[in-house]
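*Asks:* For the record, the sequence lines run as chains A and B. Heads up, the first sequence is in the working numbering, so the first residue is 429 and it goes up one at a time. Heads up, the second sequence is in the working numbering, so the first residue is 2 and it goes up one at a time.
The set of hints was computed from the structure by calculation and includes no laboratory data. Please note that a few of the clues may not be correct.
As the list claims (entries may be wrong) - Anything over 10 Å on all C-beta distances counts as not near chain A; from chain B, calculated:
1) Glu13
2) Pro15
3) Glu16
4) Ala18
5) Ser36
6) Glu38
7) Glu54
To be verified - Where chain A lies over chain B, by a calculated footprint (3+ residues, C-beta under 8 Å):
8) 21-32
9) 58-71
10) 77-86
No residue lacks a Cβ here, since even glycine has one placed at the ideal position from N, Cα and C.
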Amino acid sequence: MGVMKRVTMVFRAKANKALDRMEDPRETLDYSYQTQLELLQKVRRGVADVATSRKRVELQINQLQQSSDKLDRQARDSLAAGREDLAREALTRKAGIQTQLDDLQTQYASLQSEEEKLTQASQRLQAKVDAFRTRKETIKATYTAAEAQTRINEAFTGISEEMGDVGMAIQRAEDKTAQMKARAGAIDELMASGALDDMVSGPHDDIQAELDRMGAGHGVDRELEQMKAELAASAPRQIEGAQPGNSDGASAQPASASSAADPTQAGEPE
Amino acid sequence: MIVRILGEGQLEVPESAVDELNQLDTALESAVERSDEASFRPALAALLARIREVGSPTEAGDLRPSELIIPRPDATMDEVRRLLTDEGLIPG
Chain A
429 MGVMKRVTMV FRAKANKALD RMEDPRETLD YSYQTQLELL QKVRRGVADV
479 ATSRKRVELQ INQLQQSSDK LDRQARDSLA AGREDLAREA LTRKAGIQTQ
529 LDDLQTQYAS LQSEEEKLTQ ASQRLQAKVD AFRTRKETIK ATYTAAEAQT
579 RINEAFTGIS EEMGDVGMAI QRAEDKTAQM KARAGAIDEL MASGALDDMV
629 SGPHDDIQAE LDRMGAGHGV DRELEQMKAE LAASAPRQIE GAQPGNSDGA
679 SAQPASASSA ADPTQAGEPE
Chain B
2 MIVRILGEGQ LEVPESAVDE LNQLDTALES AVERSDEASF RPALAALLAR
52 IREVGSPTEA GDLRPSELII PRPDATMDEV RRLLTDEGLI PG
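With the rest of the complex left out, here is chain A:
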């Protein structure tokens, strides 16, 4: 019979069952219209839910991207400081975050497409619900119950099919959103627990701590060197100044030159 015919029969059977339950179809039209409005509300909520989830994933993507960028910087800094081991560690962590990022980006695209489809479904349903309302008023105003039945069948079957389709789309979107929420929740938990945080930021960022320590170490070394140089430069001058009878002209000379020129001074203890 074919897949399409069989699927259609399933949809028809569902519409027919609902039609069979109607006594005076004109009254039931109002009830059906109410159901349509409820579904319309539901599909709009669905669109909003998917959008919320999409934004949450977007936020996480941004956070992870920042972390990834930071690790990249740290790897470069480490390498520049000659610490290949630290650079390797930073890049390993970056790779771990990249895996999460790739996964989130896939989810983001999927949610975006779901949001689009649901928005379109909402618009299609809106158009049909509007058409149904017009048809319903005409039928109620113009026809007797018996006549109305045949008039209603087509419109009812048509809108019932649309509602079935939209209903499936909503369910699908809900499933996807639920899956996504679970994953986003897991990543949020990971961030909150500090496991991810420890890797890339805050006081527990050991790569940064090491880089900072190295940076501070270099500073101390530089300062020490500077101090030594200063001391070395001024020490002979102090010795010269302590010498009694030393002339002003001699102290104005460069310290190294004067100490090298006078062998007696060079032999003295400092």
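We have chain A already, so just place chain B on it with the hints.
*Replies:* Only chain B this time, still in chain A's reference frame:
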């Protein structure tokens, strides 16, 4: 004749295309019945492609029911099977 692509909406398809669509549909059905994943995906894609090629979208407020309904393009074989046998897949 009106054909619905689930998740996308309805298309008006000329009667002259029906035989060809039925042939493509038979291939799809046999893939589902044999649980042949390898031929299921291309069969569904071929059927959809042909419907889109010959069909044109109906008016938004058209309340006519469809004569044929085709699963959504990314439907899995399992979803299609449930559409055929289980009314539970259609909510409400």
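*Asks:* Indicate, hint by hint, whether the structure satisfies it.
*Replies:* We went through each hint and held it up to the structure:
1. For B:Glu13, the non-interface assignment is confirmed: its Cβ lies about 14 Å from the closest Cβ of chain A, beyond the 10 Å cut-off.
2. A cut-off of 10 Å between C-beta atoms confirms that B:Pro15 is not in contact with chain A; the least separation is 16 Å.
3. Under the 10 Å C-beta cut-off, the non-interface status given to B:Glu16 relative to chain A holds; the minimum distance is some 15 Å.
4. A cut-off of 10 Å between C-beta atoms confirms that B:Ala18 is not in contact with chain A; the least separation is 13 Å.
5. At the 10 Å boundary, the C-beta of B:Ser36 stays outside the reach of chain A, the nearest C-beta of that chain being 14 Å off.
6. The non-interface label for B:Glu38 is consistent with chain A: the shortest C-beta to C-beta separation is roughly 15 Å, beyond 10 Å.
7. Every CB of chain A lies more than 10 Å from the CB of B:Glu54, the least distance being 16 Å, so the non-interface label holds.
8. Counting residues of the stretch 21-32 of chain B whose CB lies closer than 8 Å to any CB of chain A gives 6, which reaches the minimum of 3, so the coverage claim holds.
9. Proximity of the stretch 58-71 of chain B to chain A, defined as three or more residues with a beta carbon under 8 Å from a beta carbon of that chain, is established by the 11 residues found.
10. Counting residues of the stretch 77-86 of chain B whose C-beta sits closer than 8 Å to any C-beta of chain A gives 3, which meets the bar of three, so the coverage hint holds.
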